[in-house]
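A.B. asks: Numbered by my numbering, the letters in the sequence shown go through residues 94 to 341 in order.
To be clear, the hints were calculated from the coordinates, so they are not data collected in a lab.
Any given hint could turn out to be false.
Taking lysine to any residue and the SDA-like style, the derived pairs with C-alpha atoms no more than 25 Å apart in a straight line are [what the hints assert, rightly or not]:
1) Lys200 to Pro152
2) Lys251 to Glu325
3) Lys255 to Ala104
4) Lys220 to Arg300
5) Lys339 to Ala327
6) Lys223 to Glu335
Now the in silico label distances, taken between C-beta atoms and shown as ranges [stated by the list, open to error]:
7) Ala95 to Val309: 39 to 45 Å
8) Pro254 to Glu278: 41 to 47 Å
9) Glu278 to Leu257: 40 to 46 Å
10) Ala332 to Ala105: 33 to 39 Å
11) Leu259 to Tyr192: 34 to 40 Å
Positions of the beta carbon are idealized from the N, C-alpha and C atoms, including for glycine.
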Amino acid sequence: MAEIVYPPVIAAARTLFRVLDYRFHLEGTSNIPTSGGAVLVSNHISYLDFIFAGFAAVPSKRLVRFMAKEAVFTHRISGPLMRGMHHIPVDRGAGAGSYATALRMLKAGEVVGVFAEATISRSFTVKDIKNGAIRMAMATKTPVIPVALWGSQRIWTKGRPKQLGLRHVPITILVGEPFHPKRGEDVNQHVADLHSSMSALVDRAQRTYPEIPPGVWWQPAHLGGTAPTPEEAAALDQAEAEARAKSS
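Using the sequences and the hints, build the whole thing.
C.D. replies: Pasting the structure below:
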């Protein structure tokens, strides 16, 4: 497919990263194959995560096609960019179409990016994850590659004012070992293994982060921060879902 939009967007992002002096630490990027299909599964802590998870694939010279909620594609600014980069819109009420598109792209040798938690984690720990990434990998005989992001929540996350001009932010991107779910194997076991792998990567990213001040909002509660606990975050998510349902 023609790549008119994606390369200039990456170039613009890299220029912005330099201007803002983001301090990247990347590990394991060689785990992303230089050719062939793969399912890249990242934790989700920020509205900007698709940019940073996609950045993990730059050393392998791959472009990641992210599955993202349909509202991003109908937005007047982000919509043309998302469509131009051939990302995959997800209608949460009718996901079969996006799933079929993702399968087609994987079979064509593309890297498909998935945020398996479905929504941003307010606790900054890995929430329960959906099984779609595992099922896609099984159906297309492609590897699953876990990715951990840390630091992006400081720039723009759920329930906090965005700080797009924040400078000198350390951004950690860890890419884990790929694994290869096969048809006929236990999907739930693979989901549990993926959750464990992502959680371990996220924990390592958090504990090795250059800045670990106590009591800050962007640090998880179990590491001394004031972010909601997973239980408190689940209650907030539930209240938000109920409010959304009432207004629709």
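A.B. asks: Hint by hint, say whether it matches the structure.
C.D. replies: Now for the hints, and whether the structure bears them out:
no., hint, in the structure
1, Lys200 to Pro152, "holds (22 Å)"
2, Lys251 to Glu325, "holds (14 Å)"
3, Lys255 to Ala104, "holds (23 Å)"
4, Lys220 to Arg300, "holds (18 Å)"
5, Lys339 to Ala327, "holds (18 Å)"
6, Lys223 to Glu335, "holds (20 Å)"
7, Ala95 to Val309: 39 to 45 Å, "holds (44 Å)"
8, Pro254 to Glu278: 41 to 47 Å, "holds (44 Å)"
9, Glu278 to Leu257: 40 to 46 Å, "holds (43 Å)"
10, Ala332 to Ala105: 33 to 39 Å, "holds (37 Å)"
11, Leu259 to Tyr192: 34 to 40 Å, "holds (36 Å)"
The structure fails none of the hints (numbered hints given earlier).
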